[in-house]
Amino acid sequence: MILLAVLVGGVVVAGRSGILPRHDASWIVRRAQEQSERHSFSASGQTRFSCQGRLLPSDVKFTHMRPNRCRIEYLSGPMKGVLIGNDGKNSWRFDPRTGRLVISGNRSCGRPADRLHLLLENHNVSLEGKTRVAGREAYRLVVRPKSSRQVRKRMWMDTRTFVILRHEDYDSHGRLQSSTRFNRILFAKSFPDKLFQPPTGPSIKVAKRAFDSVESLDRLAKEVGFAVRVPGYVPAGYKLDGYRIHDCPCDCPHRSAYIRYSDGLSSISIFESKAGSGCQSKAGCGTSEGSKRACEPKRSDRGEVVSFENKGISYVIVADVDSRELTKIRESLLD
Amino acid sequence: MNCCKVRNRIADYAVGLLSGRAKADIESHLAECPECQAEYRLQEQVMLMIEEVDSLEPPVGLWNGVHNRISATPVHPSVWKQLKEGHYRRRARWSVGFATIALTALILHSTTSIQHPTAGPEALEYVQGHAIYASQDVLADQTALYSATVMAERTHTLEGETL
Chain P
1 MILLAVLVGG
11 VVVAGRSGIL
21 PRHDASWIVR
31 RAQEQSERHS
41 FSASGQTRFS
51 CQGRLLPSDV
61 KFTHMRPNRC
71 RIEYLSGPMK
81 GVLIGNDGKN
91 SWRFDPRTGR
101 LVISGNRSCG
111 RPADRLHLLL
121 ENHNVSLEGK
131 TRVAGREAYR
141 LVVRPKSSRQ
151 VRKRMWMDTR
161 TFVILRHEDY
171 DSHGRLQSST
181 RFNRILFAKS
191 FPDKLFQPPT
201 GPSIKVAKRA
211 FDSVESLDRL
221 AKEVGFAVRV
231 PGYVPAGYKL
241 DGYRIHDCPC
251 DCPHRSAYIR
261 YSDGLSSISI
271 FESKAGSGCQ
281 SKAGCGTSEG
291 SKRACEPKRS
301 DRGEVVSFEN
311 KGISYVIVAD
321 VDSRELTKIR
331 ESLLD
Chain D
1 MNCCKVRNRI
11 ADYAVGLLSG
21 RAKADIESHL
31 AECPECQAEY
41 RLQEQVMLMI
51 EEVDSLEPPV
61 GLWNGVHNRI
71 SATPVHPSVW
81 KQLKEGHYRR
91 RARWSVGFAT
101 IALTALILHS
111 TTSIQHPTAG
121 PEALEYVQGH
131 AIYASQDVLA
141 DQTALYSATV
151 MAERTHTLEG
161 ETL
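Protein chains in written order, with the working numbering: chain P, 1 to 335; chain D, 1 to 163.
A few of these clues could be false.
[Unchecked claim] Think about it this way: if two alpha-carbon atoms lie no more than 27 angstroms apart in a straight line, the pair counts; the simulated DSS-like pairs of lysine-lysine are: (1) P/Lys205 x P/Lys89; (2) D/Lys23 x P/Lys80; (3) D/Lys5 x P/Lys80.
No lab work stands behind these hints: they were computed from the structure.
Chain D with its partners taken away, still in its complex shape:
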């Protein structure tokens, strides 16, 4: 089974919909493919988010952990490093600095992409209403459209109660 096929079915695998050979094929592929493993972990995280929609806080120490890992990034030793230790140390500091900035930018980007500036919380009910009416259209896939509606409503209700 190649990566493309695995990724198409990874959502099913993550929620235990697969069995028999399909499941075994994906498991054997995941054991060998770090990229698909990462995709699988991401899928699991999404499922976990949905399962635990009221648990909003990131794990304690997450950011410290990220910072520590960046700080601990090893710089490959070389002859030149030995000769110009001071120079490379400065470069290593710059690298760590750039990595930190890049990571921060990445986090900000992912956060802001979730916070679409025009799709604020008050828009949620309208998106839901839009989907409800769409389910009445000719040839509409009601089953899928209602899924989106219910998930939106669930979020609205659970978070409304939390806040």
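Looking at chain P on its own, in the form it has when it is part of the complex:
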């Protein structure tokens, strides 16, 4: 009995010290999920995001207070001055360039646990070793779909807290789509509540956007006032993530039905609205009326986009999937 206890103890110690390859990648990702709402920290670093096919950089400061409050400040580059936050009840974002504060109710900084299962079901997560990020030891992990060898995500996780210190996201063609890297991170017990509140002031234009979830397709149809169609085809591995009502950001009364599918890492968004019922904004960069110089997420920046009309309903599908798959989804909505 004593011998058995010593043996088990030895294995545990060996595992903790890294002698045994106990830290399998899936285990690390699960731990990250469990721990994501347990730490409060302030980190600074750089983010890069894809815009018109180019990666634009910005210095950022990210503050997270457990369980679900956060604040992101963009300190340089085209995003300079932008603030994103969540006070635990509402998420908000403020852009000083437009003077617009958008408050979206009830979305937290946390990630639903059920999506983790989907992620691990559809992807291989492999541990490539350990390295140092932001002065801390970090696991280097790679995520690939089970259906291909294409890297979709690399991430570096703190070995002690499982906070993600660095991300690299790749699109379905293997191009780097965005990255964020913390150079410095400080863990703390708490931060002032004020930090997570949206800015106030007479010149700030406040807009509210609802992201109401509805439990069924029938309910969604009642809310938007037309029969909502679901695709007859989605690529293997994708599962229904939910039905929502999507309000137009320009504050017009236009509402769309939003159906979302996810494979745990990537998603397919299908928006449906009555044809001609939208605000029909002529704005939008990259159009003949608008600016060819402005910055708009294009097909290559945030996934493939296809829009079409059928029987009086406008459909917009956004997904980072192969264009042939997108065509199949589209065709399944036309049947």
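Starting from the known structure of chain P, fit chain D onto it as the hints suggest.
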């Protein structure tokens, strides 16, 4: 520092994020490498577009300038040219014509690649919505995803006000 390394860091350099040796290395490389210089200029142009999103008109005289430069393309003189001046002059005209067509095709291609036929202006809000929800996914890089969202929203709002 080689071209690959410079191009990986040129975006940082363009917005003044680099200092010290990294900055000096890139500057010395740019002084010698016309290809990286061109990349840097392109990067600066992109940054300028974003900074001045409401300034939509191309510079006055741009197209005339392009046309003039094409028309002024020198044709290398040769003995044969002297002997067959008329023939080469015709060929030079053809060359200029082809160059004009090629340039026009290039401009049209770049314009139409921005105007993706399926991603019209009304799709912008949906792409933005897609990114917002993606930020809630497991392991999502919220910082980068929100950047794309805000840039899309900024464009939508500023251009909406302009038009």
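Would the pair P/Lys205 and P/Lys89 pass a check requiring their Cα atoms to be no farther apart than 27 angstroms?
holds (20 angstroms)
Is the hinted pair D/Lys5 and P/Lys80 satisfied, with a Cα-Cα distance of at most 27 angstroms?
The given pair, whose Cα atoms are some 25 angstroms apart, holds under the 27 angstroms limit.
What's the verdict on D/Lys23 and P/Lys80, does the C-alpha distance respect the 27 angstroms limit or exceed it?
holds (21 angstroms)
Comparing the model with each numbered hint stated earlier shows that all of them hold.
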